[in-house]
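Asker: Chain residues, written in single-letter form:
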Amino acid sequence: MQTARKQNLIPAALVSALASCCLALLVAGISGCSSEPAKTGKEQLQANAIDLRDTLRNTIKDAGRLQQMQAIADQNAAEMQLRVEELARLRKEEVRLNANYDASKDEFRQLGDRIQSARKEYRSLVIHTRMALAQLTTDDEWKKITSRDLAIFNN
Amino acid sequence: MLWAMLYYYLSSGAGSGLVYDIEAPVKQHVKVEATVKQIIAINKEMLKEDAALVKDTEKAKKELAKIHANRLASESDFAEAFAALDDRRALTREKILDGRFKMRGLMTAEEWHSVYAAVSQQD
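The listed protein sequences correspond, in order, to chains F and U. For reference, each letter of the first sequence is one residue, going 28 to 182 in our numbering. For reference, each letter of the second sequence is one residue, going 5 to 127 in our numbering.
If you are wondering where the hints come from, they were derived from the structure by calculation, not from laboratory data. Note that CB positions come from ideal geometry on N, CA and C, so glycine has one too. Treat the hints with care, since some could be wrong.
Claimed, not checked - Per label pair, the in silico range of CB-to-CB distance:
id, chain 1, residue 1, chain 2, residue 2, range
1, F, K119, U, K59, 25 to 31 Å
2, F, Q94, U, E67, 30 to 36 Å
3, F, E134, U, E37, 16 to 22 Å
4, F, Q137, U, A87, 37 to 43 Å
5, F, E134, U, K59, 18 to 24 Å
Unchecked claim - Facing chain F, from chain U, some residues (calculated, C-beta under 10 Å):
id, residue
6, L6
7, M9
8, L101
As the list claims (entries may be wrong) - Stretches of chain U that chain F covers, calculated by requiring three or more beta carbons in the stretch to come under 8 Å of a beta carbon on chain F:
id, segment
9, 69-77
10, 81-92
11, 102-110
Build out the structure end to end from the sequences listed, making use of the hints.
Answerer: Here it is, written out as structure tokens:
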């Protein structure tokens with residue numbers, strides 16, 4: 028992504044956004060809608076949740092376990108959405124603070140702590156979901172789920 | 005997918021809202037040539053720090069992918085990998101902030117606002 032910075036005025040935030048766009052396109056591509064415009068963080072998360080639901084439905088043949096797993100995924104999806112929105116808000120706040128000549132280092136540290144805290148909460152939710160799903164799968168099922176999951180990023 | 009959700013977390017950098025390549029607006033708005041050179045040198049260091057973090061995050065991403073693929077991996081396996089990344093990110097953020105305040109010390113309020121107004125137009 029760093030090569031994208033060869034032109035002036037390309038901020039790290041934009042580089043991150045580009046990474047997210049690439050990711051959204053990859054996810055969209057797998058879902059068969061690669062011609063759609065790049066998704067926002069919220070849309071991307073929704074696409075991921077739908078993709079996860081589909082993968083579970085195609086992989087888990089036991090109806091009882093499938094229902095349990097989909098309930099876990101759905102339950103946490105809404106919470107993840109809120110965290111992503113909070114992270115986006117904090118990022119905008121950081122850009123505004125940076126543009127303020129009189130901003131103090133303490134203000135940056137406090138905001139940095141809030142960003143890190145929001146990030147950790149989001150991460151915990153994803154990992155918690157992942158653990159709960161892994162517990163309900165067999166080795167073969169997990170292999171199918173993660174191989175599809177990881178193939179996106181190993182290209 | 006789950007990994008995509010984790011990746012979203014990983015892709016947000018340490019100084020996403022702090023690091024910009026400001027060479028062009030600095031050349032345009034800062035009057036003293038020696039100061040321009042100093043600011044650009046600091047800015048390049050900040051960009052280098054951020055790029056190094058992106059590289060290390062890529063390495064961590066591979067490690068985390070392996071952990072994710074192991075059905076029996078524990079939360080502490082993830083926590084360990086993320087802790088190293090958190091430390092790395094905090095260190096980079098401090099360096100970037102130091103650079104930001106050094107640059108600020110070299111500019112007047114008016115120059116600063118002109119430079120970041122140009123940045124926000126491009127953002």
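Asker: Hints first: check each against the structure and report whether it holds.
Answerer: Right, here's what the structure says about each hint:
no.: 1; hint: F:K119 x U:K59: 25 to 31 Å; verdict: holds (26 Å)
no.: 2; hint: F:Q94 x U:E67: 30 to 36 Å; verdict: holds (33 Å)
no.: 3; hint: F:E134 x U:E37: 16 to 22 Å; verdict: violated (32 Å)
no.: 4; hint: F:Q137 x U:A87: 37 to 43 Å; verdict: violated (22 Å)
no.: 5; hint: F:E134 x U:K59: 18 to 24 Å; verdict: violated (29 Å)
no.: 6; hint: L6; verdict: holds (5 Å)
no.: 7; hint: M9; verdict: holds (5 Å)
no.: 8; hint: L101; verdict: holds (6 Å)
no.: 9; hint: 69-77; verdict: holds (count 6)
no.: 10; hint: 81-92; verdict: holds (count 3)
no.: 11; hint: 102-110; verdict: holds (count 3)
When the structure is compared with the earlier hints, violations turn up for hints 3, 4 and 5 and for no others.
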